[in-house]
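When you get a sec, could you build the whole thing from the sequences and use the hints?
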Amino acid sequence: MRYRLFSWFSSGEKWTAKRVATAVLASVGILAVVSTIVVGAAMAFMTKDQGPSAQRPTTIPTRPAPPVIGIPLAVRPVLSPPLVANPQDCPPVPPPTPADAPIEVCDVDRAAVYRLGPVGLALDLTGASETKLPDSEFHTVQLSMTLASSTAFTQYTTANVGKQLAFVRNGIVLAAPVIGQPIDGQSIQISGDLRAETAATIARMLREGT
Numbered sequence: 001m002r003y004r005l006f007s008w009f010s011s012g013e014k015w016t017a018k019r020v021a022t023a024v025l026a027s028v029g030i031l032a033v034v035s036t037i038v039v040g041a042a043m044a045f046m047t048k049d050q051g052p053s054a055q056r057p058t059t060i061p062t063r064p065a066p067p068v069i070g071i072p073l074a075v076r077p078v079l080s081p082p083l084v085a086n087p088q089d090c091p092p093v094p095p096p097t098p099a100d101a102p103i104e105v106c107d108v109d110r111a112a113v114y115r116l117g118p119v120g121l122a123l124d125l126t127g128a129s130e131t132k133l134p135d136s137e138f139h140t141v142q143l144s145m146t147l148a149s150s151t152a153f154t155q156y157t158t159a160n161v162g163k164q165l166a167f168v169r170n171g172i173v174l175a176a177p178v179i180g181q182p183i184d185g186q187s188i189q190i191s192g193d194l195r196a197e198t199a200a201t202i203a204r205m206l207r208e209g210t
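Each residue of the sequence shown is one higher than the one before, starting from 1 at the first, in the numbering used here.
Some hints here could point you the wrong way.
[Stated by the list, open to error] Below, a list of computed lysine to any residue pairs in the SDA-like style, where the Cα atoms sit at most 20 angstroms apart:
| # | residue 1 | residue 2 |
| --- | --- | --- |
| 1 | K163 | P177 |
| 2 | K163 | P134 |
| 3 | K163 | D184 |
Treat the hints as calculated values from the structure; they're not laboratory data.
This is the structure we're talking about:
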């Protein structure tokens, strides 16, 4: 849009100082109006362009839960102290046994026989690995579980402090620790006099379920 600044005066009139001042003031006023319109239009455009993004909430991506591996790991109470055994003394691995039935099974090394009660709970695992202990010839196995299984395991160990439990996979005792205190967290470390081969076997059975 184009504005004419001197349209109020006829061509025959003289320019006096008063009229010049009036014309200047009128020009300034018109320029002010034009500036206001331009700035207003620009602000409206910017507000329209930035409004939705300014109101868009900031989202923080969440890490997905790790998938469950293998089959649930059975936790059974140890009914009596394990009996030392020779490998040939171990009973054969039993067929799938109902969870509410007691069983008699050996450990991974076939060095002890355990009498176990019904399944107390089953843990959904998300990982298992073995590592050599620093400054030692022995190894350790670390397993991780879901949050729901961690909560259930904390409740179980809290109610059974001082008792012995057994982690059982396919009729074999992978470990049988005594509960010294409630165990909280999604990670459990199995340690002891574990040789490299035994630790690797336990970790594999935890991951694969066989």
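So, going through the hints one by one against the coordinates:
At roughly 9 angstroms between alpha-carbon atoms, K163 and P177 fall within 20 angstroms of each other, so this suggested pair holds. Distance hint between K163 and P134 is unfulfilled; the C-alpha atoms sit about 29 angstroms from each other, more than 20 angstroms. Using a Cα cut-off of 20 angstroms, the hinted pair K163 and D184 holds, with the two alpha carbons roughly 17 angstroms apart.
The structure shown violates just one earlier hint, number 2.
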